[in-house]
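**Student:** The task is simple: from the sequences and hints, build the whole structure.
Same order as they appear, the protein sequences are chains A and B. Each residue of the first sequence is one higher than the last, beginning at 156 in this note's numbering. Each residue of the second sequence is one higher than the last, beginning at 1251 in this note's numbering.
Hints listed in this document are in silico derivations from the structure and should not be mistaken for laboratory results. Predicted, not measured: the structure shown is a model, and the values here were computed from it. Backbone N, C-alpha and C define an ideal beta-carbon position, used for all residues, glycine too. Careful, some of the hints might be misleading.
[Stated by the list, open to error] Short derived list, chain B residues pointing at chain A, Cβ under 7 Å:
no.	residue
1	Gln1635
2	Phe1637
3	Leu1643
4	Phe1648
5	Leu1651
[Claimed, not checked] Pairs of lysine to aspartate or glutamate, DMTMM-like flavour, derived with a Cα cap of 20 Å:
no.	chain 1	residue 1	chain 2	residue 2
6	A	Lys305	B	Glu1440
7	B	Lys1380	A	Glu500
8	A	Lys366	B	Glu1443
9	B	Lys1444	A	Glu364
10	A	Lys395	B	Glu1443
11	A	Lys301	B	Glu1440
12	B	Lys1365	A	Glu500
13	B	Lys1444	A	Glu365
14	B	Lys1364	A	Glu492
15	B	Lys1365	A	Glu492
16	B	Lys1310	A	Glu427
17	B	Lys1467	A	Glu192
18	B	Lys1512	A	Glu427
19	B	Lys1390	A	Glu500
20	B	Lys1364	A	Glu500
21	A	Lys366	A	Glu394
22	B	Lys1310	A	Asp331
23	B	Lys1310	A	Glu192
24	B	Lys1444	A	Glu492
25	B	Lys1364	B	Glu1336
26	A	Lys395	B	Asp1362
27	B	Lys1444	A	Glu396
28	A	Lys366	B	Glu1440
[To be verified] Cβ pair distances, simulated, as ranges:
no.	chain 1	residue 1	chain 2	residue 2	range
29	B	Pro1546	A	Gln443	43 to 49 Å
30	B	Phe1601	A	Gln443	58 to 64 Å
31	A	Gln230	B	Gly1524	53 to 59 Å
32	A	Phe295	B	Pro1668	29 to 35 Å
33	A	Lys480	B	Gly1524	41 to 47 Å
34	B	Asn1293	A	Gln189	51 to 57 Å
35	B	Pro1311	A	Glu450	24 to 30 Å
36	A	Gln200	B	Pro1311	20 to 26 Å
37	B	Asn1388	A	Gln479	41 to 47 Å
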Amino acid sequence: MSISLIIITYSLIFLFSFSLALFVYLILRRVVIQHQEALFEERYQKIETEVLELITSPQKNLALEIAKRYKSYPQVLTKVLFDYIEQIKGEAKEHLKKIFDHALKEKCLKDIYSRRLVRRLKTTHLFVVFSDSSEAPHIFKLLNDKPIVKLVAINALSRIPSSRTLSLIFQAFENDSVSTARTYINIMYGLGDRIEAQVRKHLKMPLSEEKLVLLIELIGAIPLRSLYQDILLFADHHEKEIRIKVARALGHMRIPSSLDILFRLADDDAWEVSAQAMKSLGKLGDVQAKEVLSEGMFSPFWHVRFNAGHGLAKLGETGFKHLQKVKKQKKDRYASEMANMVLNETIYSGGA
Amino acid sequence: MTGIIDSIFQIITGIILVYFFLINSLYLVLVILSIFGIVQYRNMNTYVSFKEIFQMPLVKPISIIAPAYNEEMGIIESVKSLLSLEYPFYEVIVVNDGSTDHTLENLIKTFDLKKSSRVFRRVIETKPIKGIYVSPSNPKLVVVDKVNGKKADALNAGLNVSRYPLFCGIDSDSILEKDALLKMARPFLEAPEKTVGAGGIIRLSNGCQVKFGQVIKVGLPRNALARFQILEYLRAFLGGRIGLSMLKSILIISGAFGLFRKDIALQCGGYRTGTIGEDMDLVVRMRKYLHEKKIPFVFRFIPDPICWTEAPETLQTLARQRNRWHRGLIESLSHSAKMTFNPRYGITGLFAMPFYVIFEMFGPLIEVTGYIIFTVYVLLGDFNQPFAIWFFLLAVVFGILLSLLAILLEEYSARRYPRLKDIITIVIFGLLENVLYRQYLAVIRAMAFLDIAKGKKGWGKMERKGFSLEGQK
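**Tutor:** This is how it looks when you write it as structure tokens:
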């Protein structure tokens, strides 16, 4: 037998054995999973029935009984609690928390310091839903963990709205890299106007431009009207992106006195800023904007014309008259076509 | 003279053996990387609720562009499926690319479309647009009717008409799962500055039951050809592309389901017309552009947003499809040939391009050469019989191992085939594909070189059965 044949034979035996083992593993795995799923489903239904009973007609000690009875099935119990905690509000939520406290909390407190990342993540995620101020010290420790755990921990902290947790969230936002900043913004968004003081403080800090852009976007998205004066300071910022976000935030805020600033931004050298200002002017719905918006219809930039057209449509009758005028003129074909399209679209959607 | 020919044959045989070893080792590495990728994705996924993404105010709106040419059989189901997706803000742009059947009429009738005076930016030159239709009852839907200019031209027309910063090119004969866009958009939310494109998994709808524009029951088709393709798709998407994505070397995001940043696509001139592999071509040119401009980027491949599509069930249609795909691959790689082995293009130039050129492009040619040499040896009676047989068995077992690993990936990721019987059937077809099916495809793909040399450009006719009838027999 030649060497090459020996190598091939051994390779073949190895590959064949490995493939066979893999096939057996696949089949066994599937059988086991199907069995486990059936068991899980059975237990889930049992727990679900009792939890529903608890929610609809709360009896004394029922929560404790459920916790005691199903403590040995933490995965199924966690799933039931997760599925219902998001759907319900008020007193019923307290019952579910009671089950968590008595059946799962102890395990969670142990797992939160587990060496395994997945386990720590899972536990932290549980805290996102069931956390209260007494758990905060445990979660603070996770702020030094890996980025993914840290973010989940911050998400959990956002459900404990104290001045300390808010300050910790913003501190993490300030120190973390720009790549995760957007995730912080999503967490902050959920906190609503409670973050106002922290945002004001951070607007005055030397943040990177990317983070500043996100903060201004956040102000508009919530919107935090009390920070109106603070963002006006950025209306002349040298960075185009920041001016765009200011224009957008002003549109969301709908503060009548922002009209002049928006006029100025509509005249910006960068067409992106101008287009956003046109959109915001439309949102403001003040008929004083009709001239600026009509001028916008003749911009060489498509987006500016588009937003100006839709802005005019939002002004109601006055805007429609201007759109008709632009449609009828013959000097600028592009403006006329845009006006025609906006008029047709608005009639279709009934937006006027 | 015979001695010289014999030496040449021996050298070629040696090259083929080395090639066999390299290609299989690389595929094995890719599958192993895919296992890590999928496990990592699955673990992280458990802790991020898609509902939360749905509620976020900062998600970017998406324009779905679906070019349609003679798709009267399946277009309505596909559009219904697209209109029922879960995503906060999106529009569906169906581009009727000069269909000669009732595609447009069916759309107008079903969705009560009205001609609109919509204006748009003609950023990319396309064949003339005859009309834009909107639906008062479905404001998300826009239908563009244009003169036939082939798929790339239709996609460009859709890009011109689209209004949102991200666009998703899909085939109009495909069905997206309800949460597919949410899952695809996640990388754009996590790293919005860097993520330029994302691809999802394509699965075969043959044998599945489709209702209200959604796959409601997954099953295996009765047609043997379609069964072979199920395994092929699992290997290609779960085994290959996820692994390549882990190596930051993905060059193909399927035209049937890919999400991209519109600004970058427009800066690259959109889809290149005149090519038949427009999906790969766009990704390659985008990578080239981003490297040249030194813009940091990432293309991601995500294992669970699923798009269902119909596979050919006749040899003729399958041959046309594979030949076209391979011609597309050759065209795209040749068009950007200067990137290959060029350090200026980073990992794209040093790994992705060489990998695709050596193993994907020339793979079938080398495989067919191997079959020819083997046949010549057999005819001459001059071959090492035990070696040939053992080597063939080795190739078969290696192929089966890769298939089993792909099934393992399927089990780890989506586990869409509910019955154990389905898994066993797929494995059996993994075994059977080594006899004739694999060789047939290699020949068809190798013929693409010949067709390119002859200047063949066409797509060839695709026969569609339509979704509604599938899986309900």
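**Student:** Confirm or reject each hint.
**Tutor:** Hint check results:
Given the 7 Å rule on beta carbons, the hint for Gln1635 (chain B) is violated: about 11 Å separates it from the nearest Cβ of chain A. For Phe1637 (chain B), the interface hint holds, the least distance from its beta-carbon to any beta-carbon of chain A being 6 Å, beneath 7 Å. For Leu1643 (chain B), the interface hint holds, the least distance from its beta-carbon to any beta-carbon of chain A being 6 Å, beneath 7 Å. At about 6 Å, the closest approach between the beta carbon of Phe1648 (chain B) and any beta carbon in chain A falls short of 7 Å, and the interface hint on this residue holds.
Here the hint on Leu1651 (chain B) is kept, as its CB sits about 5 Å from the closest CB of chain A, short of 7 Å. Note on Lys305 (chain A) and Glu1440 (chain B): the hinted pairing holds, with a Cα-Cα distance of about 15 Å set against a maximum of 20 Å. At most 20 Å may separate the alpha-carbon atoms for a hinted pair to count; Lys1380 (chain B) and Glu500 (chain A) meet this at roughly 18 Å. About 13 Å separates the Cα atoms of Lys366 (chain A) and Glu1443 (chain B), which keeps this hinted pair within 20 Å; it holds.
Annotation: proposed proximity of Lys1444 (chain B) to Glu364 (chain A) holds, straight-line Cα distance about 17 Å (limit 20 Å). The hinted pair formed by Lys395 (chain A) and Glu1443 (chain B) meets the criterion: a straight-line CA distance of about 16 Å does not exceed 20 Å. Under the criterion of a C-alpha separation no larger than 20 Å, the hint pairing Lys301 (chain A) with Glu1440 (chain B) is consistent with the structure, at around 16 Å. For the hint pairing Lys1365 (chain B) with Glu500 (chain A), the CA-to-CA distance comes to about 11 Å; that is within 20 Å, so the pair holds.
A distance of roughly 13 Å separates the Cα atoms of Lys1444 (chain B) and Glu365 (chain A); the hinted pair therefore holds under the 20 Å criterion. Annotation: proposed proximity of Lys1364 (chain B) to Glu492 (chain A) holds, straight-line Cα distance about 17 Å (limit 20 Å). For the suggested pair Lys1365 (chain B) and Glu492 (chain A), the alpha carbons sit about 14 Å apart, so the restraint of at most 20 Å is met. Among the hinted pairs, Lys1310 (chain B) with Glu427 (chain A) is consistent with the structure: their alpha-carbon atoms are about 17 Å apart, no more than 20 Å.
Between the alpha carbons of Lys1467 (chain B) and Glu192 (chain A) the distance comes to roughly 19 Å, so the proposed pair stays at or under 20 Å and holds. This hinted pair checks out: Lys1512 (chain B) and Glu427 (chain A) have alpha carbons roughly 16 Å apart, not beyond 20 Å. At most 20 Å may separate the alpha-carbon atoms for a hinted pair to count; Lys1390 (chain B) and Glu500 (chain A) meet this at roughly 12 Å. Simply put, Lys1364 (chain B) and Glu500 (chain A) have alpha-carbon atoms about 11 Å apart, close enough for the 20 Å limit, and the pair holds.
Restraint check for Lys366 (chain A) and Glu394 (chain A): satisfied, since their Cα atoms lie roughly 13 Å apart, inside the 20 Å limit. As the CA atoms of Lys1310 (chain B) and Asp331 (chain A) are separated by approximately 23 Å, the hinted pair breaks the 20 Å bound. Straight-line distance between C-alpha atoms of Lys1310 (chain B) and Glu192 (chain A) comes to about 37 Å, which puts the hinted pair past the 20 Å bound. For the suggested pair Lys1444 (chain B) and Glu492 (chain A), the alpha carbons sit about 36 Å apart, so the restraint of at most 20 Å is broken.
Among the hinted pairs, Lys1364 (chain B) with Glu1336 (chain B) is inconsistent with the structure: their alpha-carbon atoms are about 25 Å apart, more than 20 Å. Under the criterion of a C-alpha separation no larger than 20 Å, the hint pairing Lys395 (chain A) with Asp1362 (chain B) is inconsistent with the structure, at around 42 Å. Of the supplied pair hints, the one linking Lys1444 (chain B) and Glu396 (chain A) holds, its CA atoms being roughly 17 Å apart against a limit of 20 Å. About 15 Å separates the Cα atoms of Lys366 (chain A) and Glu1440 (chain B), which keeps this hinted pair within 20 Å; it holds.
For the pair Pro1546 (chain B) and Gln443 (chain A), the beta carbons lie near 44 Å from each other, so the given range of 43 to 49 Å is met. The given range of 58 to 64 Å is respected by Phe1601 (chain B) and Gln443 (chain A), whose C-beta atoms sit roughly 60 Å from each other. At about 56 Å, the beta-carbon gap between Gln230 (chain A) and Gly1524 (chain B) stays in the expected band of 53 to 59 Å. Restraint check, Phe295 (chain A) to Pro1668 (chain B): a C-beta distance of roughly 44 Å breaks the suggested window 29 to 35 Å.
Our hint of 41 to 47 Å for Lys480 (chain A) and Gly1524 (chain B) holds, since their Cβ atoms are close to 44 Å apart. For Asn1293 (chain B) paired with Gln189 (chain A), a C-beta distance near 22 Å fails the hint of 51 to 57 Å. Distance hint for Pro1311 (chain B) and Glu450 (chain A): a CB-CB separation of about 27 Å, consistent with the stated range 24 to 30 Å. For Gln200 (chain A) paired with Pro1311 (chain B), a C-beta distance near 40 Å fails the hint of 20 to 26 Å.
The hint said 41 to 47 Å for the Cβ distance between Asn1388 (chain B) and Gln479 (chain A), and at roughly 27 Å that hint is violated.
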